[in-house]
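Enquirer: Which chain is which? The protein sequence lines are A and B, in order. Numbering that gives the first Met the number 0 puts the first residue of the first sequence at 0, with every later residue one more than the last. Numbering that gives the first Met the number 0 puts the first residue of the second sequence at 0, with every later residue one more than the last.
These are calculated hints, taken from the structure and not from any lab test. These numbers come from a predicted model, not from an experiment. There may be inaccurate statements among the hints.
[Stated by the list, open to error] Covered by chain A, per the in silico footprint, the following chain B stretches (three or more residues, Cβ under 8 Å): (1) 81-89; (2) 238-251.
[Stated by the list, open to error] Here are the computed lysine-lysine pairs in the PhoX-like style, where the Cα-Cα straight-line distance is at most 20 Å: (3) 182(A) / 300(B); (4) 217(B) / 91(A); (5) 262(A) / 252(A); (6) 380(B) / 411(B); (7) 534(B) / 380(B); (8) 562(B) / 104(B); (9) 182(A) / 380(B); (10) 261(B) / 578(B); (11) 261(B) / 64(B).
Glycine included, each C-beta is placed from N, C-alpha and C at the ideal position.
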Amino acid sequence: MTRYIVRRLLQAIPLLFIISVVLFILMRSSGDPVATLGGRRNPRPEDRERLTRLLGLDQPLYVQYIYWLIGNDWTMIDLDGDGVAETPGQQKGVLRGEFGTSLVVRGKPAMEVILERIPYTLLLMIVSEVVIIFFSLVIGVFSALRQYSLLDHLITGLSFLGYSMPIFFVALVSMYLFAVEFKSWGLPYLPTGGVFEPQEGNTLLQVALHLVLPVTSIAVVSIAGYSRFVRATMLEVLGEDYIRTARAKGLRKRTIIFLHALKNASLPLVTIVGLDIPMLLGGAVVTERIFAWPGTGRLFLDHVSRGDTPVVMGILMLIAVAVIIFQLITDITYAWLDPRIRYN
Amino acid sequence: MKSKLWKIVAAWVVITMLASSAACVTPAAPTITPAPTQAPTTAPGATKAPQPTAVEPTKAAPTKKIITFAWTQEPDSLNPWYTNMWFSTTLHQLFLAWAWEFDDKNVPFPRLVTEIPSLENGGVSQDGLTITMHLRDDIVWSDGKPITSADFVFTYDMVMAEANSVTSQYPYDYLESIEAPDERTVVMHFSKPFAAWKALFWRGVLPKHVLEPVFQAKGSLQEAEWNMAPTVGCGPYNFAEWESGSYIRFVKNPNYWGPAPKIDEIYFKIVPDDASQTAALIAGDADVGAFIPLSDVPTLKGKGVIIMVESSGYAEGLFFNFRDMANPGARDLKVRQAIAMAIDREAINRDLLLGLSHAPETLWDPLAIYGYVSPDIVPWKYDPAAAKDLLEKAGWIDRDGDGIRENAKGEKLTLVYGTTIREIRQDTQAVIQQQLKQVGIELKLVSQEADIFFGSFSDGAACAVGSVDIMQWSDAPYFPDPDKDYWLCDQVPNADNPWGWNYFGCDPRLDELFKKQLTLMDEKERARVIQEISKYMHDQVYWYGLWDDPDYWAVNARLTGVKFSGVTPLYNIAEWDVK
């Protein structure tokens with residue numbers, strides 16, 4: 000198993016390198032950071048020319064990539080525009096742990112910009128994922144055990160409804176209903192957005208209240224899909240021979256369902272969740288935007304539209320690394336769940 | 000088994016309901032150490048240091064007045080020279096001050112200076128090459144140090160220092176030199192008269208005693224903490240904290256040199272989505288919102304939110320490309336005039352903009368009260384028959400019967416019409432395409448993201464290389480100054496000058512007029528030249544106005560004394576109060 004893990008990790012290195020090259024090329028080709036500088040008015044030509052030079056954007060693409068990867072403090076750059084490189088560079092490069100400074104939030108290291116938002120993203124997504132897994136399992140198992148009952152049909156119908164609704168629709172409707180209308184009707188209401196009311200402060204209760212609507216929006220669509228999935232795999236497993244044997248041996252129902260059936264039924268679910276988790280870092284872009292949640296999804300959107308390569312590459316590489324690590328964890332979890340699986 | 004599952008589900012439902020019912024009766028709870036890291040933007044200890052009003056956001060005293068703004072974009076920097084964003088510069092009137100600011104009629108009034116320099120009071124020399132400013136003697140920074148002419152000279156030095164790589168050096172690069180003969184006087188020397196000085200100079204001042212040590216230590220101001228946490232300022236409010244992605248907080252400045260503000264704390268919550276902003280305004284989670292979408296205006300009004308409109312000089316219009324590579328139709332004056340008569344602007348304003356705006360005739364309409372618009376302009380009327388007639392007489396006839404006109408050489412009247420992806424623009428494109436089809440003009444539509452559409456010539460961006468014949472976006476002169484430098488001949492982008500922004504073309508007469516008006520320090524003389532420009536551009540259809548683009552503000556009815564300016568929007572923030 001150890002050799003397997005080490006082999007996988009070594010394979011990841013060329014993979015990450017290729018990913019970084021592709022993403023960098025895509026990112027730099029998709030827009031000019033000094034085109035609008037986020038303002039209503041376009042920058043003056045002299046300023047655009049000056050900034051392009053000072054931010055290192057006038058270099059050819061492969062040179063920009065090399066500076067991004069290994070820094071430019073080993074060479075001179077031309078800061079004053081006379082064509083002669085005279086100033087030593089300041090960047091250390093990704094391989095030495097520095098993702099560069101943001102082009103939008105000038106002067107701030109890209110990693111710092113990202114790390115400020117990651118805790119919020121993790122909070123939102125971990126809570127969402129826990130809620131999704133819990134309810135998917137509960138609803139899926141319940142549906143499987145009560146197959147074709149009235150309740151099962153009701154749950155099926157609601158699942159299809161939930162699954163077909165776009166997330167922004169769920170988000171906006173729930174916001175208008177529970178935050179705006181409930182307040183005007185005098186009922187207990189939820190806040191419209193943010194992490195906490197600035198006046199109330201960063202308390203546990205405030206954060207919990209502000210989490211309700213975003214988590215619900217994210218969870219509704221996923222639960223609808225996953226619960227169907229769990230239901231299907233449970234039904235398949237419940238028909239297996241070893242379940243019949245367990246019943247014949249007189250084991251308690253609870254033991255059969257949770258220890259034998261669910262453990263086997265959850266194998267495919269582990270794959271899906273394992274793919275989902277690294278996407279958590281990318282954040283729920285739509286939900287974060289609508290509920291003004293300061294996560295990395297919104298950060299990504301804001302900075303991509305302004306061509307901020309260092310920050311965007313930082314987020315993308317984080318996600319790439321997370322995907323690789325979590326794929327590995329998923330495979331190991333497989334081996335734990337199913338002793339029949341061996342990796343050598 | 001069944002009962003256990005039900006118990007679990009029921010427990011969750013009950014917990015959720017309890018939590019939400021607790022929402023409306025939540026008293027201010029004591030602050031628990033937050034799990035998300037406090038954004039490292041506040042200078043360490045700065046919020047606790049000399050400010051006696053540094054407030055912990057917890058036990059809100061019942062009489063504390065707090066208002067919340069909903070900001071749809073988060074500022075990229077609070078240093079005036081590291082940002083181009085309206086959402087950042089609009090905060091200046093809270094924690095900084097300009098040398099002179101502008102009121103709700105966009106008329107300037109002195110702020111840091113005793114009076115605005117002019118030809119009459121001698122502040123502007125007769126030859127227009129020297130401007131002298133006298134500073135007030137009671138102005139102090141929030142830490143008590145006086146604001147002096149040294150701060151102004153320092154600001155100039157910092158803007159011009161290459162190592163700082165500021166966003167724009169304009170208009171400080173026009174100055175030949177600047178000096179401070181004494182603590183209260185600043186003298187600016189120009190090599191040529193620069194008529195736009197009043198609108199553009201001293202939009203903020205940097206504190207020398209705070210930033211000079213930073214510049215000397217690091218060699219640049221780019222990474223100065225002050226850029227993201229300007230704890231030393233000179234406005235009615237002090238910067239308190241900036242929780243990245245969430246909000247920015249300002250508190251009353253106890254050392255403010257002007258009349259004390261009435262509101263104690265102001266929050267700027269970042270609410271990126273327009274629908275969420277409207278929901279927050281209706282629910283009262285935000286008191287003020289900016290750039291309200293027109294479609295939400297009736298809803299907000301219906302819920303008792305006050306809508307205020309203030310022009311900041313912007314208008315949405317069509318820019319015509321008459322460079323060499325443009326379609327021969329776009330280069331033909333008769334075609335442009337026909338287009339001006341073939342677009343039903345009234346219908347666009349009525350149907351797409353809910354009748355809340357109207358079409359301007361020139362870029363200077365928002366400045367009409369200053370006499371910059373020629374009274375001889377005859378507005379373009381919607382008259383498709385006259386348009387068809389004009390095209391026929393100009394030799395653009397549909398010879399092959401496909402509905403699109405050609406000229407004698409057989410070149411089709413097919414123009415490329417481009418804009419950004421904003422929904423209202425996409426709708427407008429569709430409508431105009433239909434309307435021009437009626438008169439035999441075909442439009443090919445292009446729509447791209449802003450940073451691609453406005454990219455540079457070297458990137459091959461569409462407008463810069465001249466592949467778009469009709470370009471649409473919202474623009475303004477250097478409001479409140481009438482200067483506009485888009486049509487200068489030396490700004491046409493090409494291989495030698497890839498940064499030029501004259502995407503439209505070189506008209507020598509227009510070029511001369513624009514250059515001339517910038518040197519006329521006498522305001523009446525200058526207004527005459529601008530009038531001439533406005534009429535010429537209107538008749539040549541170089542720019543065709545579609546709709547006014549003023550700023551729409553939403554204000555909660557509990558606020559009083561609220562006024563907005565188009566230049567320094569929050570100019571009277573110290574007078575705002577809550578009922």
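Enquirer: Each hint should be assessed against the structure and marked as holding or not.
Expert: For each hint, the structure was consulted:
Coverage of the stretch 81-89 of chain B by chain A holds. Counting CB-CB distances below 8 Å, 5 residues qualify, and the rule asks for three or more. Note: the stretch 238-251 of chain B has 6 residues with beta-carbon separation from chain A under 8 Å; the three-residue rule is met and the coverage holds. The suggested pairing of residue 182(A) with residue 300(B) holds, with an alpha-carbon distance near 18 Å, which does not exceed 20 Å. As the CA atoms of residue 217(B) and residue 91(A) are separated by approximately 17 Å, the hinted pair is consistent with the 20 Å bound.
Between residue 262(A) and residue 252(A) the alpha-carbon distance is near 14 Å, which keeps this suggested pair within the 20 Å criterion. This hinted pair does not check out: residue 380(B) and residue 411(B) have alpha carbons roughly 25 Å apart, beyond 20 Å. Note on residue 534(B) and residue 380(B): the hinted pairing holds, with a Cα-Cα distance of about 16 Å set against a maximum of 20 Å. The straight-line distance between the Cα atoms of residue 562(B) and residue 104(B) is roughly 10 Å, inside the 20 Å bound, and the hint therefore holds.
In summary, the hint linking residue 182(A) to residue 380(B) is not supported, as the alpha carbons are separated by about 49 Å, beyond the 20 Å threshold. A C-alpha spacing of about 11 Å is found between residue 261(B) and residue 578(B), which places the hinted pair at or below 20 Å, so the restraint holds. Pair hint residue 261(B) plus residue 64(B) holds up; C-alpha atoms about 8 Å apart against a cutoff of 20 Å.
When each numbered hint is compared with the structure, violations occur for hints 6 and 9.
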